[in-house]
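Please build the complete structure, drawing on both the sequences and the hints.
Residues in the sequence shown are numbered consecutively from -7, following my numbering.
Read the hints as simulated data drawn from the structure, not as lab findings.
Treat the hints with caution; some may be incorrect.
[What the hints assert, rightly or not] Pair ranges (Cβ atoms, derived):
(1) R197 <-> D121: 19 to 25 Å
(2) R216 <-> A145: 20 to 26 Å
(3) D186 <-> D142: 29 to 35 Å
(4) D121 <-> G158: 26 to 32 Å
(5) D178 <-> M114: 15 to 21 Å
(6) A168 <-> V124: 14 to 20 Å
(7) A157 <-> R197: 30 to 36 Å
Bear in mind that the values here come from a model prediction, so they are computed numbers and not experimental data.
All C-beta atoms, glycine included, are put in the ideal place defined by N, C-alpha and C.
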Amino acid sequence: MSLEDPHADESLEYVLALMESEDRRAFEVALLDDPELAAEVWHWEERLVPLAEAVRPRAPSRGVYRRIERQLFGADARLRRRMARWRGIAGLFGTLAVALCLALVVLLARPELMIAPSPQWMAGIVGEDGSVVLARLRPDGTLAAAPYPDAAADESAELWVVPAAGEPVSLGVFEAGEETAFTISDAARRLFADEARLVITLEPRGGSPTGQPTGPAVATGDLRRI
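Shown next as structure tokens:
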């Protein structure tokens, strides 16, 4: 293949990515219908691509850019760098401000998209002797319950959530003589509703062996939304 070919220069410019974008698109369209032109491109790629791959890339040092800036802009080079940096920071904060404004507009226009706070619950669990154990659901998802009067040595006081329809679910056993923070599972949390109750039963030491109440209910209280 000779360089006298009328398309040789165009093929070389294409492979070297020297064409303007419009010329490049037109050249690529021509490649689809011109086998000879495609062969010329292949010829140049075969010759030049291995040369490019043989050159190890090396990033210039920061000093090179600064020397170029000084030669081009003189004393204004440092000021230009600072202005460019601050423009970038200002642009970032401007973008964030626009995004926040757009989010606020969307939420005001469609309030149903706003995340409502999780409802909080509490109960006054009243015992047969008139004692009251206060329990409340904390924002962190745990249920804090006041100390329950000590059970017998071979018993544990166990707390249950009892839905309006369905079986009781254990929330755990009380710590002897101190406030207890019960970790509430997602399944148990879904049972907290307006008609649900909290119930305390006396179970064998360590809690019910069956997963359901086996001892007498000694205190009960309705859950209330707060």
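Holds or violated: 19 to 25 Å for the Cβ distance of R197 and D121? holds, 22 Å
With 26 to 32 Å as the target window, see if D121 and G158 comply at their CB atoms. holds, 29 Å
For the hint 14 to 20 Å, verify it against the beta carbon of A168 and that of V124. holds, 19 Å
Between the beta carbons of A157 and R197, is the distance compatible with 30 to 36 Å? Holds, since A157 and R197 (Cβ atoms, about 31 Å apart) stay within the stated range.
Please check whether D186 and D142 have a Cβ separation lying inside 29 to 35 Å. Holds, since D186 and D142 (Cβ atoms, about 32 Å apart) stay within the stated range.
Is 15 to 21 Å respected by the C-beta to C-beta distance linking D178 and M114? holds, 20 Å
Is it true that R216 and A145 lie within 20 to 26 Å of each other by Cβ? Because 34 Å falls outside the window, the suggested range is violated.
Hint 2 from the earlier list is the only one contradicted by this structure; the remaining hints agree with it.
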